Amino acid sequence: MGFKIAVVGDQDTVTGFALAGATYTHIYTTKEEALAKLGEFLASDEIGLVLITHRIVEELGYEFRRMMRAKRLLPLVLRISDKTGYVSKVDELREIIKRTVGAEIMVKREGS
Amino acid sequence: MSADRLIKLELSKLNVHLPERRPSLREALSSARPQVVARDGSTHAFKREELEFLAGLLPEADRDKLQLPILIALEPKLGRGTARISGEAEVKVVSQVLEKEASAGELLIYRPEVAILRKKLPTTTQYLFLW
Amino acid sequence: MAALAVSPTRMELLKLRQRVGLAQRGHDLLKEKMDALVIEFFEVLRRIQEARMKALEQLSVAHRALSMCFAIVGTLETKQASKETRRELQVEISTRHIMGIAVPAVEVREVERNALVRGYGLHMTSSVLDEASREFERALKLLIELAELEGSAFALARELEKTKRRVNALEYILIPRLKEALKFIMMRLDEMERENFSRLKRIKAMLEERG
Numbered sequence: 001m002g003f004k005i006a007v008v009g010d011q012d013t014v015t016g017f018a019l020a021g022a023t024y025t026h027i028y029t030t031k032e033e034a035l036a037k038l039g040e041f042l043a044s045d046e047i048g049l050v051l052i053t054h055r056i057v058e059e060l061g062y063e064f065r066r067m068m069r070a071k072r073l074l075p076l077v078l079r080i081s082d083k084t085g086y087v088s089k090v091d092e093l094r095e096i097i098k099r100t101v102g103a104e105i106m107v108k109r110e111g112s
Numbered sequence: 001m002s003a004d005r006l007i008k009l010e011l012s013k014l015n016v017h018l019p020e021r022r023p024s025l026r027e028a029l030s031s032a033r034p035q036v037v038a039r040d041g042s043t044h045a046f047k048r049e050e051l052e053f054l055a056g057l058l059p060e061a062d063r064d065k066l067q068l069p070i071l072i073a074l075e076p077k078l079g080r081g082t083a084r085i086s087g088e089a090e091v092k093v094v095s096q097v098l099e100k101e102a103s104a105g106e107l108l109i110y111r112p113e114v115a116i117l118r119k120k121l122p123t124t125t126q127y128l129f130l131w
Numbered sequence: 001m002a003a004l005a006v007s008p009t010r011m012e013l014l015k016l017r018q019r020v021g022l023a024q025r026g027h028d029l030l031k032e033k034m035d036a037l038v039i040e041f042f043e044v045l046r047r048i049q050e051a052r053m054k055a056l057e058q059l060s061v062a063h064r065a066l067s068m069c070f071a072i073v074g075t076l077e078t079k080q081a082s083k084e085t086r087r088e089l090q091v092e093i094s095t096r097h098i099m100g101i102a103v104p105a106v107e108v109r110e111v112e113r114n115a116l117v118r119g120y121g122l123h124m125t126s127s128v129l130d131e132a133s134r135e136f137e138r139a140l141k142l143l144i145e146l147a148e149l150e151g152s153a154f155a156l157a158r159e160l161e162k163t164k165r166r167v168n169a170l171e172y173i174l175i176p177r178l179k180e181a182l183k184f185i186m187m188r189l190d191e192m193e194r195e196n197f198s199r200l201k202r203i204k205a206m207l208e209e210r211g
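Chains as they are written, first to last, in this note's numbering: chain A, 1 to 112; chain B, 1 to 131; chain C, 1 to 211.
If you're looking for bench data, these hints aren't it; they were derived computationally from the structure.
Computed from a predicted model, the values in this text were never measured in an experiment.
Honestly, I wouldn't trust all of these hints.
List of simulated lysine-lysine pairs, DSS-like, C-alpha gap at most 25 angstroms [as the list claims (entries may be wrong)]:
hint, chain 1, residue 1, chain 2, residue 2
1, A, LYS31, A, LYS98
2, C, LYS31, B, LYS120
3, A, LYS71, C, LYS83
4, C, LYS15, C, LYS141
5, A, LYS31, C, LYS141
6, B, LYS8, C, LYS15
Facing chain B, from chain C, some residues (calculated, C-beta under 10 angstroms) [as the list claims (entries may be wrong)]:
hint, residue
7, LEU22
8, GLY26
9, ASP28
10, LYS31
11, ILE39
12, LEU45
13, ALA51
14, GLY100
15, GLU161
16, THR163
17, ASN168
18, PRO176
19, LEU189
20, MET192
21, ASN196
22, SER198
A few chain C residues that face chain B, going by a derived Cβ cut-off under 7 angstroms, partial list only [said to hold, decoys possible]:
hint, residue
23, GLU12
24, ARG25
25, GLU57
26, HIS97
Cβ coordinates follow ideal geometry from the N, Cα and C atoms, glycine included.
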């Protein structure tokens, strides 16, 4: 099935991806607005991918994580860097590994 | 007690990703959309480049013998992390991919080798859980 | 640990032995599944690292091209163009299964377009604008691939978490409880046998005395 793309970001990020053909965009102003918009994007059956900058994800904090846990498989949500190249220090996937299988896995990984 | 039912349920779900019927490499190669239907109803597609890679490892005559996906059988009684590859043609390709000495009809491989195999043949191999 | 309520009979002993066997089998197999999931997970993680590096690099190239465009074409004009351009890009997303776990499979059709297809007014045509668009299209293509991999990794991680919980429940709760109950029954049965034996001996002695 064909899905559209949405972007939540600063002015530059949104302008760039709009030029590349992204259908839905939201330029960040306040946390409340961004959360509402993101909620809308996540509920849409039309959207397959939501791009959002790391900086905004950090602004949204706990609510963002809660939304990610509650969401369905689609749309996929991908965090991206902004113009300054900013990327969170927290790597969500590594956190999950540590939490779930922890040291056992890390050791195994060195071994294989 | 429902704990037993839960375990039985888990066990019954272990192999639902496997197809009812495994086509031969020759069949897969000649299909426009090489894929199989799993017991849970999902479809599993083979990548053409992988099929061609496999064909390159086998003499022409063996293309009917190799059944796909190749099963990586995990069996606790073999020891944790040990897997069995069965079938003459299957053993032939896997031993070549892993650069292992081929034995007749059966090959035991270990966790790091399973990882390599899965990396090189992501769509044409699948896990089978046995007990 | 709460003991299981069991009556000390041979029948119960047999049943318990079967339950321990089942629990042990479940445990061992789920542990194999966990190991297999770990292999799959780390392969995806490895590919993510590669894809992420490529995508983020391209994204910074795109931002540089956009800054250039802002400077030469003008910020307002560039924004205007971004509103006028055709924004109907579609990605094909279906699901694929890894060991029965649904993971996203994304098909990226050609994302790059030529200036005419992009559709911003021709009065705006400018090579820097085209270049900024093209670089963002390239970045988008790489990001779509990355999104598929990250989606797969999260799905695998969730299954891993679930499997780990089951393995732990078996290993630290159910199996020890069953074994405890097994030990209890065997002890009671032994005791009962000994009691029986000594009772028989007493009876025998009594009979002999009378005889």
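We went through each hint and held it up to the structure:
A hinted pair counts as satisfied when its Cα atoms are at most 25 angstroms apart, and LYS31(A) with LYS98(A) does not qualify at roughly 29 angstroms. For the proposed pair LYS31(C) and LYS120(B), the alpha carbon gap of about 24 angstroms is at most 25 angstroms, so the pair holds. For the suggested pair LYS71(A) and LYS83(C), the alpha carbons sit about 29 angstroms apart, so the restraint of at most 25 angstroms is broken. Between the alpha carbons of LYS15(C) and LYS141(C) the distance comes to roughly 59 angstroms, so the proposed pair goes past 25 angstroms and is violated.
Restraint check for LYS31(A) and LYS141(C): not satisfied, since their Cα atoms lie roughly 28 angstroms apart, outside the 25 angstroms limit. Proposed proximity of LYS8(B) and LYS15(C) is supported: the alpha carbons are some 16 angstroms apart, at most 25 angstroms. A least Cβ separation of about 6 angstroms between LEU22(C) and chain B falls short of the 10 angstroms threshold, and the interface hint therefore holds. A least Cβ separation of about 4 angstroms between GLY26(C) and chain B falls short of the 10 angstroms threshold, and the interface hint therefore holds.
Hint status for ASP28(C) relative to chain B: holds, with the closest Cβ pair at about 4 angstroms, below 10 angstroms. Interface restraint check for LYS31(C): the shortest CB-CB distance to chain B comes to about 7 angstroms, inside 10 angstroms, so the restraint holds. Taking 10 angstroms as the C-beta cut-off, the interface hint given for ILE39(C) holds, the closest approach to chain B being about 5 angstroms. With 10 angstroms as the threshold, the beta carbon of LEU45(C) stays out of range of chain B, its nearest partner Cβ sitting at about 12 angstroms, so the hint is violated.
Because the smallest distance between the Cβ of ALA51(C) and any Cβ of chain B comes to about 15 angstroms, over 10 angstroms, the interface hint for this residue is violated. Hint on GLY100(C) holds. Least Cβ distance to chain B is approximately 4 angstroms, under the 10 angstroms limit. Taken as an interface hint, GLU161(C) does not check out: its beta carbon lies about 15 angstroms from the nearest beta carbon of chain B, beyond 10 angstroms. This hint holds: THR163(C) has a C-beta 9 angstroms from the nearest C-beta of chain B, less than the 10 angstroms allowed.
For the restraint placing ASN168(C) at the interface with chain B, the shortest Cβ-Cβ distance is roughly 13 angstroms, beyond the 10 angstroms limit, so the hint is violated. Interface restraint check: PRO176(C) against chain B, minimum CB-CB distance 13 angstroms, threshold 10 angstroms, status violated. Taking 10 angstroms as the C-beta cut-off, the interface hint given for LEU189(C) is violated, the closest approach to chain B being about 21 angstroms. Interface restraint check: MET192(C) against chain B, minimum CB-CB distance 25 angstroms, threshold 10 angstroms, status violated.
For ASN196(C), the suggested interface contact is broken, since its CB lies about 30 angstroms from the closest CB of chain B, more than 10 angstroms. Interface hint at SER198(C): violated, since its Cβ lies 36 angstroms from the closest Cβ of chain B, which is beyond the 10 angstroms cut-off. For GLU12(C), the suggested interface contact is broken, since its CB lies about 13 angstroms from the closest CB of chain B, more than 7 angstroms. Restraint check, ARG25(C) versus chain B: the minimum CB separation of about 5 angstroms is within 7 angstroms; hint holds.
Using the Cβ-Cβ criterion of 7 angstroms, the hint placing GLU57(C) at the interface with chain B is not satisfied: the shortest such distance is roughly 24 angstroms. Hint status for HIS97(C) relative to chain B: holds, with the closest Cβ pair at about 5 angstroms, below 7 angstroms.
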